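Novice: Make the full structure from the sequences, and use the hints.
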Amino acid sequence: MRTALVKVGGIIGAAVIASSLVAGCGSSDDGTIKIGAIAGLTGSFITEEVVKTAKRVFDDVNEHGGINGKKIDFLVKDDAGNPQRTAQVARELADDDVVAMAASGSFTDCDVNDAYYRQQKISSVMAVGASPKCFQSPNIAPVNVGPFTLITAELLFASQTLKNDKICNFTVVLPGSEEAVNNALAQWEKISGKKLVVNDTTVQQSGDLTPYLLKAKQAGCDAVLFNPGEQMVVPFLKAAQTQGMSDVDFLLMAPAYTESVAKAVADLGLKVYAGSEFEPFTADSDANKGWKDAVTRAGAPATAFSQGGYLAAVFLVDVLKSIKGDITRDSVNQALRSMQPISNPMVGTPFTFGPGDRHAPNQASKMVELKDGKWVPLGDFITVPTSS
1 MRTALVKVGG IIGAAVIASS LVAGCGSSDD GTIKIGAIAG LTGSFITEEV
51 VKTAKRVFDD VNEHGGINGK KIDFLVKDDA GNPQRTAQVA RELADDDVVA
101 MAASGSFTDC DVNDAYYRQQ KISSVMAVGA SPKCFQSPNI APVNVGPFTL
151 ITAELLFASQ TLKNDKICNF TVVLPGSEEA VNNALAQWEK ISGKKLVVND
201 TTVQQSGDLT PYLLKAKQAG CDAVLFNPGE QMVVPFLKAA QTQGMSDVDF
251 LLMAPAYTES VAKAVADLGL KVYAGSEFEP FTADSDANKG WKDAVTRAGA
301 PATAFSQGGY LAAVFLVDVL KSIKGDITRD SVNQALRSMQ PISNPMVGTP
351 FTFGPGDRHA PNQASKMVEL KDGKWVPLGD FITVPTSS
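Take the sequence shown: its letters are residues 1 to 388, numbered as in full-length UniProt numbering.
Accuracy of the hints is not assured; some may be wrong.
[Unchecked claim] DSS-like cross-link-like pairs, simulated, lysine-lysine; straight-line CA separation at most 25 angstroms: (1) 271 with 289; (2) 163 with 271; (3) 215 with 163.
No lab work stands behind these hints: they were computed from the structure. Please read all numbers here as calculations on a predicted model, not as lab measurements.
Specialist: Here it is in structure tokens:
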């Protein structure tokens, strides 16, 4: 997944979208099932397609009679990527008596609202989890793999599939993420029995990237894992071409898996791979049919973000349908914690919420390879064994 999208339609257009998302889901009386979501409809972290796709799923349910005769009222709040706004809208949704959160796509939601969700006993089936807190809360279960499990999966791809021996890691460690990154690296070492030749977690989010590549060349790295956001990927690979590193396997994280990156580095002559958090969104596969139908009818871009929105909505609907009697915050919490795992071909491991104090149900990723300016899916899901 990428770190940001270009804002479409400006603030006024996004406000209209937010209004339609809230108002277009049926009445808001006691006869509805209120589901909340926090997303970036304005600001620098735009996740509009997440909630648009989720809304299409909920609308489909409503058009077929709802759940036990009750319609889903999907309440979407724009936090504009502002932490203060993120806190404010969570409280607005709680005051609106939402029974759960689903398909949130906010970069700051987990860090800002985790304690509040616990206090209010609100559970969140999140579409896009990025910070460690999203995977360390009893009240939040993201449907995506997340950056930390993805690190382990990509290193397993390098050591097991590509048969690389000298694997090097160059990582931007965001504040609060150091332990999660180190745990992901240690998990790979435990599974593979290998050690990184270079493990550099001092990479900056701007500046000259050549020194890192020179370090990789000096160490004889045959694979390089590079995790920074989309804006740094192209300069990094262009610098690698300048250094003549065409014999190195470059492993990129989900933010690099975009069509714009594929086009920008198509002619560099490098071996480039990236991780996909779900069935690759560029794959024309049976697994993607339900999502592609929903995202097309929603008028949203076909991205990994919209896949997360679709899956979060689908999973929560399944859980809601399992509830006998009134659908309340308490009954939803109980259903999520006692639910049976839900399999879906778009993910490599079943989704479950469960009673634990942390949730990271998605433990598998597929890889894509850059060929002729396009991302081509490779093989099956790489599943990260859970820690014993």
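Novice: Are the Cα atoms of residue 271 and residue 289 separated by 25 angstroms or less?
Specialist: It is violated: about 30 angstroms lies between the C-alpha atoms, which goes past 25 angstroms.
Novice: Does residue 271 lie within 25 angstroms of residue 163 when you go C-alpha to C-alpha?
Specialist: It holds: about 14 angstroms lies between the C-alpha atoms, which stays within 25 angstroms.
Novice: Quickly compare the C-alpha distance for residue 215 and residue 163 to 25 angstroms and report which way the hint goes.
Specialist: holds, 21 angstroms
Checked against the numbered hints given earlier, this structure breaks only hint 1.
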